Amino acid sequence: MPIRGKTFIADFSRLLVADKPFYNPAMPTIEIKNLSKTYRVYQKQEGLIASVRGLFHREYREVHAVNDINLTVEEGEFVAFLGPNGAGKTTTLKLLSGVINPDQGSVEVLGHVPWERENEYRRKFALVMGQKNQLWWDLPAMESFRLNQHIYCVPKDEFERTRDELCEMLNVTSLLGRPVRELSLGERMKMELIAALIHKPDVLFLDEPTIGLDVVAQHKIQEFLKAYQQEQNNTILLTSHYMKDIEALCKRVVIIANGSIYHDGSLEDIVDQFSGDKIVTLQLHDDRSLEAISKIPNLIEIDAPKIKFRVDRDGVGRVLSQILSEHAVDDIVVEDPPLEEVISNVFSQAEEKGRREVETHS
Amino acid sequence: MAWAGMNWGLFKIIYRHTGEIGLDSGWHEHEFFIFLGTIWIINSLIQTLFMANAAEFSELIRTGNLDFALLKPIDTQFLISFPRINWSQLPNGILGVMLIAHSLSELMQEREIYFSVFSLPAFLFFIGCGAVVMYSVMICLASTSIWFGRNQNLYNFWFYITNFYRYPMEIYQRSGVGMALWGTFTFVVPILVVSNIPARILAQPLGTPWKSWEWGLAAYAIIGSIWSLMASRWVFKRALKSYRSASS
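Protein sequence lines correspond, in order, to chains A and B.
The numbers in my numbering rise by one with no breaks, and the one at position 61 of the first sequence is 61.
The numbers in my numbering rise by one with no breaks, and the one at position 209 of the second sequence is 571.
Hints in this document: simulated from the structure, not taken from any laboratory.
Nothing here was measured: the structure is a model prediction, and the numbers come from that model.
Each residue gets a CB set at the ideal place from its N, CA and C atoms; glycine is no exception.
Keep in mind that the hints are not guaranteed to be accurate.
[What the hints assert, rightly or not] Distance condition first, Cα-Cα at most 25 Å in a straight line; then the derived DSS-like pairs of lysine-lysine:
#: 1; chain 1: A; residue 1: K132; chain 2: B; residue 2: K434
#: 2; chain 1: A; residue 1: K33; chain 2: A; residue 2: K132
#: 3; chain 1: A; residue 1: K251; chain 2: A; residue 2: K200
#: 4; chain 1: B; residue 1: K374; chain 2: A; residue 2: K33
#: 5; chain 1: A; residue 1: K295; chain 2: A; residue 2: K244
#: 6; chain 1: B; residue 1: K434; chain 2: B; residue 2: K573
#: 7; chain 1: B; residue 1: K603; chain 2: A; residue 2: K156
#: 8; chain 1: B; residue 1: K434; chain 2: A; residue 2: K200
#: 9; chain 1: B; residue 1: K603; chain 2: A; residue 2: K132
#: 10; chain 1: A; residue 1: K226; chain 2: A; residue 2: K251
[Unchecked claim] Negatives, chain B to chain A, calculated, CB over 10 Å:
#: 11; residue: G371
#: 12; residue: E418
#: 13; residue: F480
#: 14; residue: A542
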């Protein structure tokens with residue numbers, strides 16, 4: 001067989017594989033213990049004089065990007081990381097993928113320590129970042145896929161099968177030959193996903209994969225991820241600021257704020273725990289009733305003949321039965337407040353808690 | 363190319379004033395131009411193969427895109443060292459070959475030059491050693507971007523360092539400062555050895571057979587290449603430990 005460049009690279013990379021056969025499937029897929037990462041950040045005042053002063057005397061501030069995190073994720077789980085900007089979500093994902101080293105704590109993913117960067121581990125996971133591009137900018141995505149095929153040593157027929165499957169699921173087969181720079185953001189994101197999945201990773205880290213995408217593209221990617229995860233039963237960690245992503249995909253939600261885990265549970269848990277209210281919408285039969293009820297506390301809006309108000313979770317039954325006994329009501333809707341609202345409450349509570357902790361420490 | 367021409371012109375002028383650089387060192391005009399050609403070849407190899415890649419590496423660090431190189435299950439140093447070949451730097455190497463060929467033919471008319479079947483392979487081998495050492499220096503320089511965040515001075519530093527390996531080592535062996543420079547660039551960063559040995563193989567400034575210290579130096583060139591490659595690998599790994607990625 002003639003020796004070609006690509007084959008050589010594949011063989012070369014195979015040579016570099018360090019085999020570590022031990023992995024006990026009974027162990028959790030991801031186990032994080034007391035993980036901490038602190039950045040020292042140079043504080044610079046504005047202006048030229050401050051710049052000169054900075055040459056001699058530098059002031060630093062410590063940023064606890066990740067602060068004593070403990071987390072266990074089992075095989076096949078789809079977990080969402082939720083938190084305000086700068087909460088430490090991306091840093092956690094970078095630690096898990098071994099891109100950066102921690103200051104403290106231990107992590108095992110599939111039995112490997114990520115920052116040792118063993119090739120065997122790197123063959124088993126993928127990281128997709130919505131804000132960054134890992135495809136060749138000037139070449140068609142196809143070329144990047146091929147490069148990944150060789151880097152990850154995927155046999156040719158398996159590669160072709162996976163690629164065609166993924167392209168079909170995401171409906172991008174016709175775009176394979178187009179240079180990446182000419183793709184739309186949504187199309188490019190789909191290509192990024194395919195590039196990351198060519199080697200069928202057991203663990204997938206997705207950092208805001210739907211950022212900046214329109215509703216249709218977002219929905220498409222959600223559907224894809226859902227179907228893909230069900231089919232492959234791989235473990236996925238996802239960060240996103242879109243509640244729709246999380247509602248559609250994740251049973252388990254981990255809220256991170258100020259580098260610490262603030263809550264770990266299902267979405268319903270969060271709503272139950274952090275939102276004490278229900279939102280009730282009534283459609284009333286006559287204006288007289290509307291006027292009478294409009295004096296109710298916690299009124300949200302009146303859009304005759306509809307009225308919308310907030311009721312304490314425990315008081316829903318009592319309030320409704322009272323209204324029903326006095327007025328004629330055509331329709332009743334009782335719902336949870338919008339998820340965005342609940343989460344934003346949780347975030348501000350978490351930030352408040354973090355601030356208090358800092359104050360008591362200092 | 364213009365730079366190569368100026369370089370050549372400058373030494374042409376210098377040799378109007380003197381017959382030899384360094385007393386009894388044997389670096390007469392033709393011998394020296396063989397040396398210069400050798401430097402051009404090594405420089406052009408480095409600039410063709412690694413220069414753009416090293417600059418790109420600094421940029422990857424600054425933008426945080428090194429993340430993706432670190433994820434791939436192949437050696438990271440291998441991955442960042444070879445992605446691009448800058449063909450436009452090759453002509454200087456070809457000029458170097460031409461200069462060597464010309465000077466060698468002139469030299470052979472003046473005195474006897476001894477060649478064996480091993481001369482050319484040995485010359486190429488030590489050119490290779492030279493490329494290895496210079497590559498290591500470049501990787502170390504580029505790795506410092508991890509600590510400094512930004513490293514626009516890569517090309518400047520490169521110029522300062524290569525300034526020292528562009529001359530026969532005899533020119534340093536006169537004064538205390540010179541000896542210190544010679545020691546540094548021979549034993550700490552062995553760039554002097556790897557430019558001097560291949561040139562000595564062809565130019566034979568002290569005639570044949572080689573003196574015993576010349577043999578010793580050749581052996582040291584090999585050890586130096588291995589040691590600098592190991593050192594650069596250590597620096598690279600050390601630097602990656604401090605890598606902090608960038609905002610995303």
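Any of the earlier hints contradicted here, and which numbers?
Structure breaks hints 2, 4, 5, 6, 7.
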